Structure formats: C-alpha cells, structure tokens
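*Asks:* So the chains spell out like this:
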Amino acid sequence: MSSKRHSILPAVSAGPKPPVHFSSSITIADSALLTGTNLITISSESVIHPRAKLDSLAGRITIGRRCVVHERTMLGAIGTSGKVTEQAVTLGDYVTVEVAASIEAGNTIIGEGTTIGVGSKIGAGAVIGKHCTLTPHTEIPAGEVVPDFTVIYSNGMRRIDKRGVADLKNKGQARQIEVLRRMIPTNPAKFA
Amino acid sequence: MAPLNPYTYIQCPCSDSASLGRPSDPTSPASADGDEEDNTFDPRAPRANFSLYPLEYLLYCEDCHQIRCPRCIAEEIATYFCPSCLFEVPSSNLKSEGNRCTRSCFQCPICIGPLSVTSIEMPPSDPNLLAPDRAATPHTTYSLICSYCNWSSTEIGIQFDKPNSIHAQLAKIRNGGASRLTAKERKERRKELSHRGGEAAAAAASEAAAGQDVDLETQFANLKLFYTSQLADPNAGDTGFSSLGDLGFSSPSSLSRIMNLYTGGKLHDPRAKSKLGAMREAVTADEGLLEADLDESSLIAQLHQSDFLDTASSTQICSQPPNLGEPHLHGAVRFNSSLRPVPYLLRTKRSKRCPACRHIVSKPEAKVLTTRFRIRLVAGSYIPSISIRRLNLPGPNGPAAPAILGDLLEPLKPVHFVLTFKNPIFESLKVTLGAPAKTPGRFPSKVTVLCPQFDIDANTDVWDEALKDNDRESSSRSRRRAGTESQFQVEVGKIWERGRNWVSIIVEIVPASLKLEAGQDALREDEDVLEIPMFVRIEWEVENGGEDAASGPGRDKDQQEKRELAYWCVLGLGRIKQG
Numbered sequence: 001m002s003s004k005r006h007s008i009l010p011a012v013s014a015g016p017k018p019p020v021h022f023s024s025s026i027t028i029a030d031s032a033l034l035t036g037t038n039l040i041t042i043s044s045e046s047v048i049h050p051r052a053k054l055d056s057l058a059g060r061i062t063i064g065r066r067c068v069v070h071e072r073t074m075l076g077a078i079g080t081s082g083k084v085t086e087q088a089v090t091l092g093d094y095v096t097v098e099v100a101a102s103i104e105a106g107n108t109i110i111g112e113g114t115t116i117g118v119g120s121k122i123g124a125g126a127v128i129g130k131h132c133t134l135t136p137h138t139e140i141p142a143g144e145v146v147p148d149f150t151v152i153y154s155n156g157m158r159r160i161d162k163r164g165v166a167d168l169k170n171k172g173q174a175r176q177i178e179v180l181r182r183m184i185p186t187n188p189a190k191f192a
Numbered sequence: 001m002a003p004l005n006p007y008t009y010i011q012c013p014c015s016d017s018a019s020l021g022r023p024s025d026p027t028s029p030a031s032a033d034g035d036e037e038d039n040t041f042d043p044r045a046p047r048a049n050f051s052l053y054p055l056e057y058l059l060y061c062e063d064c065h066q067i068r069c070p071r072c073i074a075e076e077i078a079t080y081f082c083p084s085c086l087f088e089v090p091s092s093n094l095k096s097e098g099n100r101c102t103r104s105c106f107q108c109p110i111c112i113g114p115l116s117v118t119s120i121e122m123p124p125s126d127p128n129l130l131a132p133d134r135a136a137t138p139h140t141t142y143s144l145i146c147s148y149c150n151w152s153s154t155e156i157g158i159q160f161d162k163p164n165s166i167h168a169q170l171a172k173i174r175n176g177g178a179s180r181l182t183a184k185e186r187k188e189r190r191k192e193l194s195h196r197g198g199e200a201a202a203a204a205a206s207e208a209a210a211g212q213d214v215d216l217e218t219q220f221a222n223l224k225l226f227y228t229s230q231l232a233d234p235n236a237g238d239t240g241f242s243s244l245g246d247l248g249f250s251s252p253s254s255l256s257r258i259m260n261l262y263t264g265g266k267l268h269d270p271r272a273k274s275k276l277g278a279m280r281e282a283v284t285a286d287e288g289l290l291e292a293d294l295d296e297s298s299l300i301a302q303l304h305q306s307d308f309l310d311t312a313s314s315t316q317i318c319s320q321p322p323n324l325g326e327p328h329l330h331g332a333v334r335f336n337s338s339l340r341p342v343p344y345l346l347r348t349k350r351s352k353r354c355p356a357c358r359h360i361v362s363k364p365e366a367k368v369l370t371t372r373f374r375i376r377l378v379a380g381s382y383i384p385s386i387s388i389r390r391l392n393l394p395g396p397n398g399p400a401a402p403a404i405l406g407d408l409l410e411p412l413k414p415v416h417f418v419l420t421f422k423n424p425i426f427e428s429l430k431v432t433l434g435a436p437a438k439t440p441g442r443f444p445s446k447v448t449v450l451c452p453q454f455d456i457d458a459n460t461d462v463w464d465e466a467l468k469d470n471d472r473e474s475s476s477r478s479r480r481r482a483g484t485e486s487q488f489q490v491e492v493g494k495i496w497e498r499g500r501n502w503v504s505i506i507v508e509i510v511p512a513s514l515k516l517e518a519g520q521d522a523l524r525e526d527e528d529v530l531e532i533p534m535f536v537r538i539e540w541e542v543e544n545g546g547e548d549a550a551s552g553p554g555r556d557k558d559q560q561e562k563r564e565l566a567y568w569c570v571l572g573l574g575r576i577k578q579g
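Respectively, the protein sequence lines represent chains A and B. The first sequence begins at 1 in UniProt numbering and counts up by one. The second sequence begins at 1 in UniProt numbering and counts up by one.
To be clear, the hints were calculated from the coordinates, so they are not data collected in a lab. Please read these numbers as outputs of a predicted model, since none were measured by experiment. Be aware that one or more of the hints could be misleading.
If the Cβ cut is set under 10 Å, some of the chain A residues that face chain B in the computed set are [as the list claims (entries may be wrong)]:
1. K130
2. T135
3. H137
4. R158
By construction, the Cβ of each residue, glycine as well, lies at the ideal position given by its N, Cα and C atoms.
Looking at chain A on its own, in the form it has when it is part of the complex (with noise of 0.2 Å):
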C-alpha cells in the first residue's frame, strides 16, 4: 500500500483475506476490495472495477460469466438482518452492477442480463429476476421478488419491458468487456 493517499474518503480498512476461485480470463483491478472469510468465485470473463468492495463475511459470494461490477459498489453488505448464510450473494451471467450499488448478503438472487442502476440497494435475500432493470437509486427491500423483465422506474413502479432485446444487450455487454479488458489493468494474483 503506498503511503501517500490522495483520496478524501476514509480509508479502507482491511479484513481477512478471502479464498478466492476465479477464472483465468477475469479482469480484476488492483484497488478492488475482496474481504471476508467465505469463498468469493468470480467466472470467465468478468470485469471488477477498482475500489469494488466484495464482503463474503456473511456467506459466499458467486459472480458469473461476463459481468461487470463498477467502482464503489458493495456486494455483501451485511444489512439490518444481519444473518449469515450459506450463499451472501449471487450474480447471474451478463449481471451489470452500477456504480455505487449495494447488494446486501443473505441468499440474494440477481437474475441473468439485469442492470442494477446507479446507487441502488438491494435489501438481503431479494430475488431479481432475468433480464430487469433497475433504474438509479432503486431500492428494494429485503425478501422482495422481482420477475423477470421488469423495470423498475420512478418511485418504486414496476412495468414488464417487452422491447426483446436481451440477445442484444448480452451482445453489448461482451463488446463492453472487451474494451474494459484493455482498459483495466488486472491483477488477479493480488488476491489468490
């Protein structure tokens, strides 16, 4: 850790280290932080954003393929519940998570293909289903099920998106990670 920090945010404390399974083709930036004491499983071509915080101190945590988790977010949050369970979260493939998202830990679901947006919080044990998108600074309380293709927008509404577009978005997220790929520099064995 170099000495000098520039940032005006409190600084990072850090927690035991986790085992780790990932993938050979991942990109995980230096300044991501995994702590915890369960297994964190990150598979192929997924892209961690620096300063992305992974906690599997409540449970494992399990991240699939090609998906993106920005700057600031929080997987594993332990929220007011405050339960360990077997499996804090679980990302389906082509999941993208937004900047400054906070997914809490507690057996939560996020279906293939969905877009958490910008600052949103998802409570402990929610289930998202495929292909939803929430907009910025959705929250979600805990338990909640979400069905697949749902948008939730505004103030909490909820509609079914019916534009068929999954295929392409997926499509979209892997020209994405390919750009990120050059762009990130990674650094897997920090973490192993």
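With chain A's structure known, arrange chain B on it following the hints.
*Replies:* Then chain B, alone, in the frame of chain A:
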C-alpha cells in the same frame, strides 16, 4: 421545526390598483400606520401572499420609475421553440400545425422521458427458406424507445420506415400498425374522384367512406362540409345575388334579414322563416353522422382481467394529444397499452412590457440558443437589496456566542438583527424606514428600528474608492472597521456599519410569547415565524442633462431632479420557540 433562513419580500405596488402608473406618494414613514388609505401592511393577510416577491423576481420600469412584478407585467411572445430539439418554430406555423413539435421529439407516455429513434434489427432470414432474390437488402425499421422506463412504440404496434419526421409518419399510423388517411390525403382522393366525374363515381366514393371506420378527423371534416353546404342553401334565390357566390350567412342581405327577426316583430319578412327552415341534420356517415356504439362489453372484460396499474392515470390521459385516428369518445384511452407517444409542447421566449407605459422591461434575444437579454431592467439594479443576519451581543454573562443561522428565537428576550442595505445605483440614496411598533397578527412582537433614516453612498467603482481612500485613511477606517468597540454600542439613531455602497443598521426585536390563552385556536402553520413589515422610502437625485435634448432655452446647467420610490417589504427573521 424547520430552521428558517432570513428572507426579504417586497410588495409590488400593483396590488394597490389605484397607484398603478403613478409614482407612489407615501405618507411620512415615521407614523407607523403607513400607506395612504390602508392600514399597516399585514404580511399574514391572505391577499398579501400574492403580492410579495423576493427581489430577484421583480422588474423595474425606467419610465414610470416603479417596481413591476410578474403579476402586473404584460408579456408578449418573442419566439416559439421546441424544448427538445431547440428548433425555432415560426409563429405562422402555430396556427396550421398546432403548438406541439412537428419533427421527431416525443415524450414517453408512461414516464415522460424523452423518446429516441432507434433501429430495430431484423432477425436474419431463415436460411431454410428459398429466397429468390438474395440480394434484397434487409429493411430496417425504426421505433421510439424510452431510455428510462424501456417503453417502446412496438408495444402499441407502431414502427417507422424513416428515422426522421416521425410526427408525420405517426399521423398516418393507428395503434396496431394499420394506416389511416390524413385530411390532406382524403381531400386529394375526393378531388380525384370528382375529376373522374359522374354520379357513379360519387356514389362509389360515398359508399367507400361509409364502409371505412370514421375517425375523429374525417368525421369533423364531413360534418363541416355538410353544414357549410346546408348554410349555403337557404340563401339560394334570396335576393338573386346567390349566383355571385356562396356568401352563406355572412352576406349583407341575410344579415339584415336575421337582425329583423330579432328586432322587428311585425316588420320581419314572412318569406325569411321558410327559407331558414330548409336546414336538416346529417343522416349518413358521409355527412358526418357517427352512430354511438354503446356496447362496451369487450372493454369491461379487458378491465376485469387487467391490473389497476395497467389502466392509464388521469395525468397520462390528459397529456395525450387528441388521437385523430380513432373515433371520437370510442377511442378514449383506458389502458396503458394504448397510450401513444406525446409530442413535446412548444415553449416560448417572452418579452415583458410595463402595463402602464408600454416600455419594454425585459427582452431576450430572438435566437433560441443564446440566453442573453437585449434589455433587462431588473429591480435588483435599482432598489437597495436588504440582507439580514442575526447579531449576538455579549450579554452580562460573558462573551457573545456565535450566531447560528436559523436558530430559534427566545420569546420575550430582545434580539438584534443587522440589516445591510446595498445601493446598486450610481447616485447616493437617502433611505427612510418605518416599521410598526408591533407586528400585526395574533402574537405581536415589538420592533424597534434603531436608525430609521440614513444615507447610502453611490455604487462607484472600486478603484475610485481606493483612490479616495488614500486621502482620508484614518478617519474612514475607524468607522469601517467592525472593531470590538462598536460591538457593544447599540445606539439609537446611529448606523452600525458603513461601506462603499452599503450601510448596516440594527433592528431590535422582542419576540412575542406563543402561549395560547384558553379558547384560542391552535397555532396555525407558520404563525410562529417572526415577520416584520417595513416601509422603505428611498430618495435620490438624478442628473437630467442627457435626457431631453429638445428642452427649451434656459437650461445650461444639469438639473438635479429629485426622485423617490416607496414600497412595503416584509422581513422574515426567524421562528419563535414554542412552549
């Protein structure tokens, strides 16, 4: 309780309808019951709320030398533009095409976000199919997609061939993709058929029209055509002038006939009645008759099956423009799935005029993209601005505590506020203040303005002031410094502090106690806010040299004209602690 930041609201003289147009001539503000006819201005009166504005909202008319507020100002429209594409729409287009954008700017009917035109990629053709012409290029279609709620126009079955002029394409498509004829096209078809001539063609045309669904636009057009033809007939053979043209009801002969009907009595022409009786109502769809279909069972069945959130809300329904492709009333939108994209309403750039003298007070540039103004006479450049801060004097207990903004005021304990008057004009001002000794309302607080009359220096250049400063250093500096010695001296009749173009004075308030007597109503909303009405009168001298060039002889030197302006303002100081 929410903390209150001190504010200043100024009353526009327009609420006094008699004084509009002439400079107000106030009575001496030393007598606390100010204004001509009225009592002290009561900021809690219901009408007062509509005449009080912060300084930033007020304009100033230079000819009348009066404040103008958004209520009394007369507005004229300078340009119309679409807020989404910023395209300037000439006002002549408004009458023909309406007050909405006719290009490609639409709002999502579900979430009012902007819709963008995106191409829908056609799936690759099935290789099993034998296509004779392999060289056929795939036809890209476009649709409107909302980037926020992911609504797409394909949900109502609408796709477009071209990515531009969506408004025109939309007018030709109904929900579900079926096309419809616009008014222009119908006229052209009618003309074509009439050119081909013959009764048979006309009969065929009317049959065809009856067979189609009659939508809102066609019904209106048919009805209008029918009624104009009906109005034309009664005047046939009236006075023999009908051969000159279809004058209808506006011909002078028919007008005089109608007037005689109303005024005459026995004088009216007995022929006239029979002529008018020849009008009849429409009987066929071609003439504009639309039979009501009162069977709504299919709609009711659909309502049974759908969710409450699937129905359109009243705001969504109201924001839909009239759907010309559906019959009137029967095409009333009930479900979210039949909402069409909403074209953006055009916005305007307006120029403002004084209602009394028609002098232009604010005029923006005609170009949409520039935010500058050609003329902008705001009150902030003519009347002094008042800023308020609380002054904590050291009590007998020790040094002064720092003033916290928005702190609650203790009842029955005197507090001091510093009012800073800043002079924006280039002449020195003489300010006279008057405030009633007790604030109006149920809980009167005691108000004392320690220095009701003072002068403020002109708003000269900073550099001029710095040069002058060198001459009289010591004497002015001791006055200006907010040193420790002046902190304790709250003297009546003396100003607190003075600067280049500003003066601070002290106002002493003893807030009222908010204790409710038996039988009194509970404390109303914002009744604990301490507001003091204050009458401000400013006098200044203006050189009249450059204005009237054509004035007569005997004016060799610049005349100093004395001008004055007076208005009521309300200072909101803070909230009084309850209990």
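*Asks:* Run every hint past the structure and note whether it holds.
*Replies:* A quick look at each hint next to the structure:
1. K130: Result: violated, 14 Å to nearest chain B Cβ.
2. T135: 6 Å, holds
3. H137: Nearest chain B Cβ about 12 Å off; hint violated.
4. R158: Hint on A/R158: holds, closest Cβ of chain B at ~8 Å, below 10 Å.
Consistency note: the structure conflicts with the earlier hints numbered 1, 3.
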